[in-house]
Amino acid sequence: MDKLHALIFKATPYLFLLPALIFFGIFVLFPMFWSFRLSFFDWRVVSEQFIGLQNYINVLTDPIFYVALANTLLYLITTVGGQVILGLFFAFLLNQRIRGRALFRVMYYIPVITSWAVVAILWAMLLSPTKYGILNYALMSLGITGSPVHWLTEAWLARISIIMFSIWKGLGWTTMMFLGTLQSIPQKVYEVADLDNATTWRKFQSITLPLMSPVVAVVTAQLIIGAFNIFPQVYILTGGGPLHSTESLTTWQFSNAFTKLDFGYATAMGFLLLPFILIMTLIQMRLVRKEFEY
Amino acid sequence: MPGKRTLLAVVVVVAAICLAVFVIKPFSQEGPEQEVVELLFWHTYSVHEANRARELFDEFEAENPKIRVKMEYVPYHALRTKLLTYLAVGEAPADLIRLDIIYVPELADMNVLLPLDDYLDTLGVGSEDFYPGPWATVLWENHVWGLPLNTNTQVLFYRKDFFEAEGLSPPTTWEEYLDVARRLTKDLDGDGQIDQWGGTVGGDWSWHFDIWLWQNGGAELSSDMKRAVMNETPGVEALTFLIDMTYKYGAAPPPEEWMMPYQGFALGHYSMMIEGPWARDLLMTVNSSVSDYMGVTLLPRGPVREASIVGGEDLVIPRFVKNRDAALKLAKYMMSEHFQLEMGKVGVLPTLRAAGEDPFFVEDPYLSVFMEQMATALPRAVHPAYGQMNDIIHNYFVAALRREMSPKEALDIMVAEIDKLLGVEGHG
Chain A
14 MDKLHALIFK ATPYLFLLPA LIFFGIFVLF PMFWSFRLSF FDWRVVSEQF
64 IGLQNYINVL TDPIFYVALA NTLLYLITTV GGQVILGLFF AFLLNQRIRG
114 RALFRVMYYI PVITSWAVVA ILWAMLLSPT KYGILNYALM SLGITGSPVH
164 WLTEAWLARI SIIMFSIWKG LGWTTMMFLG TLQSIPQKVY EVADLDNATT
214 WRKFQSITLP LMSPVVAVVT AQLIIGAFNI FPQVYILTGG GPLHSTESLT
264 TWQFSNAFTK LDFGYATAMG FLLLPFILIM TLIQMRLVRK EFEY
Chain B
490 MPGKRTLLAV VVVVAAICLA VFVIKPFSQE GPEQEVVELL FWHTYSVHEA
540 NRARELFDEF EAENPKIRVK MEYVPYHALR TKLLTYLAVG EAPADLIRLD
590 IIYVPELADM NVLLPLDDYL DTLGVGSEDF YPGPWATVLW ENHVWGLPLN
640 TNTQVLFYRK DFFEAEGLSP PTTWEEYLDV ARRLTKDLDG DGQIDQWGGT
690 VGGDWSWHFD IWLWQNGGAE LSSDMKRAVM NETPGVEALT FLIDMTYKYG
740 AAPPPEEWMM PYQGFALGHY SMMIEGPWAR DLLMTVNSSV SDYMGVTLLP
790 RGPVREASIV GGEDLVIPRF VKNRDAALKL AKYMMSEHFQ LEMGKVGVLP
840 TLRAAGEDPF FVEDPYLSVF MEQMATALPR AVHPAYGQMN DIIHNYFVAA
890 LRREMSPKEA LDIMVAEIDK LLGVEGHG
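Order-wise, the sequence lines are chains A and B. Counting with my numbering, you get residues 14 to 307 for the letters of the first sequence. Counting with my numbering, you get residues 490 to 917 for the letters of the second sequence.
Keep in mind that a hint or two might mislead.
Just some of the chain A residues that point at chain B, by a computed CB distance under 8 angstroms [unchecked claim]:
no. : residue
1   : F22
2   : Q109
3   : R110
4   : R112
Simulated pairs of lysine-lysine, DSS-like, Cα-Cα distance not exceeding 30 angstroms [to be verified]:
no. : chain 1 : residue 1 : chain 2 : residue 2
5   : A       : K144      : B       : K649
6   : B       : K821      : B       : K834
7   : B       : K821      : B       : K811
8   : B       : K559      : B       : K818
9   : B       : K493      : A       : K23
10  : B       : K737      : B       : K675
11  : B       : K649      : A       : K273
12  : B       : K821      : B       : K555
13  : B       : K559      : B       : K897
14  : A       : K201      : A       : K144
15  : B       : K737      : B       : K493
16  : B       : K555      : B       : K811
17  : A       : K144      : B       : K571
18  : B       : K555      : B       : K818
19  : B       : K834      : B       : K818
20  : B       : K909      : A       : K273
21  : A       : K16       : B       : K493
22  : A       : K144      : B       : K675
23  : B       : K715      : B       : K897
24  : B       : K897      : A       : K144
25  : A       : K201      : A       : K216
26  : B       : K811      : A       : K273
27  : B       : K909      : B       : K897
28  : B       : K649      : B       : K675
29  : B       : K559      : B       : K909
30  : B       : K649      : B       : K715
31  : B       : K555      : A       : K273
32  : B       : K493      : A       : K273
Simulated DEER-style distance windows between Cβ atoms [said to hold, decoys possible]:
no. : chain 1 : residue 1 : chain 2 : residue 2 : range
33  : A       : L42       : B       : R494      : 30 to 40 angstroms
34  : A       : V119      : B       : R716      : 11 to 21 angstroms
35  : B       : H566      : A       : F37       : 54 to 64 angstroms
Keep in mind that the hints were calculated from the coordinates and are not lab data. Note that the Cβ used here is the ideal one computed from N, Cα and C, for glycine as well.
Given the sequences, and given the hints that come with them, work out the whole structure.
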């Protein structure tokens, strides 16, 4: 009887894990292996044919893949940089004793909790490249520009529009993360510095910045992983256009899979990116593991 | 007492799993009694249309007590993906599906639809019963893959008030169209900006170009559907006509001045627009006194022929359908003059000639124009890759309209990309 008890005792944690593991197996592991298999097939929903590495060759010889890769890196650098730098800036501002501080905090956070699709459609209306677009109308009424700006229809302006939108949407989150960290730095550290007649800049440089750096690192790493998945802002604002010039890796993958029904191409693309994302994740894990003490 | 607690935990976990497996499953399988067949119909009707369809299905059920019809609304953009997911595992998601005409050849080519050639007698319809445009949309590789369920086409809307003020009558040829467009383009307040445009291209999707292409004797694909041909002379001339109307003659707004055609028309910015039967309701939302200003007539005739475009939906039955006989029975009902006419009354134009020739349409000054235009309405290339072709045409049509490339350059790239696609698709 004791042996049975011991066995049950040992088995308990696994039994508790079981439901989650079943779901994980069905919805994560199985699709992963299945899509790896798919990447070697010309798979067209109801028919399939083994074609070896052809899908991988197709991806690597496709000029749009490189456009999408370059765009994704551009989006990554600009949106992550923008969100971190502006996030720090606004966190400091919102940490000051200013009138209506709570109101500002709510305002900055609202974009974060609104639905991507909804605000993307609103931005598309705002940035509509005709003279009836809201922003164009405002710019033209104020005499800033004489003719409508081609926000979403000219390659670079479209990319800039996507970047602006992404930063606006994520800024509230980085601001809150940084603000929380700022407020957790013990006041006494600053008091000691005051005793030593430290200047404001000196306090920022020697206290605030080092104590915030682990959070900045984690936030940055999180944003980078997220930036690889940039999708709704491109899909809804430009659909990858004009002429694929704003395509990101995910939108190009999506249109290959679900519009062209070329699932082989789409999965091969995913696996080609795997090592890249793996490296990013390893770097992130390193950063998170690093310990800091006040 | 760790033993008891552990036991309890195990019992809870096992009970939870049992609950999931044994309790939930039977619930989900609870269905109607075996006697009655329940048909599932996937549709994309608007609420208004769906309500009328429901009433008509109620009539059908009364006559066929062994069949029940369940309607399920699937959003237009989700339908194709949802459908493919089911088909990938060899299941029919629904017994009947109302599908956009452009997706029929794609699904036919995948061999997931029930070919209806052998059932046309049972269904009591044949090619001669339908308008030719909609009928063409169900054919792929000499088989019938669906039934034209409802259709639409585009006609010329013109501002009666503007035309009357200038003593003009609606254009019947390209020359007249351009002439009228130039005369009706005006800077009303003298600020150097055009406030009233005579013509408008209307948009940058393939159908905004197709009409002009066809009217000039051109086509999207060669007659054997193996290569794209829109860059031949008729296509270049047609696109040049639209570009010249916009830039050379300044008689239509450039893309950055576009608004939704119905808005521009109702607000008096546009004197003419080419639109479908839904436009009247849309115009009402902007300016409710529609009858005061809205004139409707056939599209101007092109240098070579008359032509407009076929839109609409086909009724398809998946190959793996479970209740084939009942599904065919319902399909037959939906192809009846009664169903087509009644749905027509809520704005879903019939594909059946007999219904279209009913006094309801013939005597209606608005709808009769659409039914008359149906006679020359053509389908877009009935080809499995049309969805992708549509995107390619759109991409370069936009580029030409924005003068990023010349009409010839745009059409050449369009053809090169579509040819590549047709080759890749294995139909080359």
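So, going through the hints one by one against the coordinates:
no. : hint                                : verdict
1   : F22                                 : 5 angstroms, holds
2   : Q109                                : 43 angstroms, violated
3   : R110                                : 47 angstroms, violated
4   : R112                                : 42 angstroms, violated
5   : A:K144 / B:K649                     : 26 angstroms, holds
6   : B:K821 / B:K834                     : 19 angstroms, holds
7   : B:K821 / B:K811                     : 17 angstroms, holds
8   : B:K559 / B:K818                     : 14 angstroms, holds
9   : B:K493 / A:K23                      : 14 angstroms, holds
10  : B:K737 / B:K675                     : 15 angstroms, holds
11  : B:K649 / A:K273                     : 44 angstroms, violated
12  : B:K821 / B:K555                     : 16 angstroms, holds
13  : B:K559 / B:K897                     : 51 angstroms, violated
14  : A:K201 / A:K144                     : 56 angstroms, violated
15  : B:K737 / B:K493                     : 90 angstroms, violated
16  : B:K555 / B:K811                     : 15 angstroms, holds
17  : A:K144 / B:K571                     : 37 angstroms, violated
18  : B:K555 / B:K818                     : 11 angstroms, holds
19  : B:K834 / B:K818                     : 23 angstroms, holds
20  : B:K909 / A:K273                     : 13 angstroms, holds
21  : A:K16 / B:K493                      : 14 angstroms, holds
22  : A:K144 / B:K675                     : 18 angstroms, holds
23  : B:K715 / B:K897                     : 21 angstroms, holds
24  : B:K897 / A:K144                     : 28 angstroms, holds
25  : A:K201 / A:K216                     : 12 angstroms, holds
26  : B:K811 / A:K273                     : 29 angstroms, holds
27  : B:K909 / B:K897                     : 18 angstroms, holds
28  : B:K649 / B:K675                     : 16 angstroms, holds
29  : B:K559 / B:K909                     : 43 angstroms, violated
30  : B:K649 / B:K715                     : 44 angstroms, violated
31  : B:K555 / A:K273                     : 41 angstroms, violated
32  : B:K493 / A:K273                     : 58 angstroms, violated
33  : A:L42 / B:R494: 30 to 40 angstroms  : 32 angstroms, holds
34  : A:V119 / B:R716: 11 to 21 angstroms : 59 angstroms, violated
35  : B:H566 / A:F37: 54 to 64 angstroms  : 30 angstroms, violated
Consistency with the previously given hints fails for numbers 2, 3, 4, 11, 13, 14, 15, 17, 29, 30, 31, 32, 34, 35, ordered from lowest to highest.
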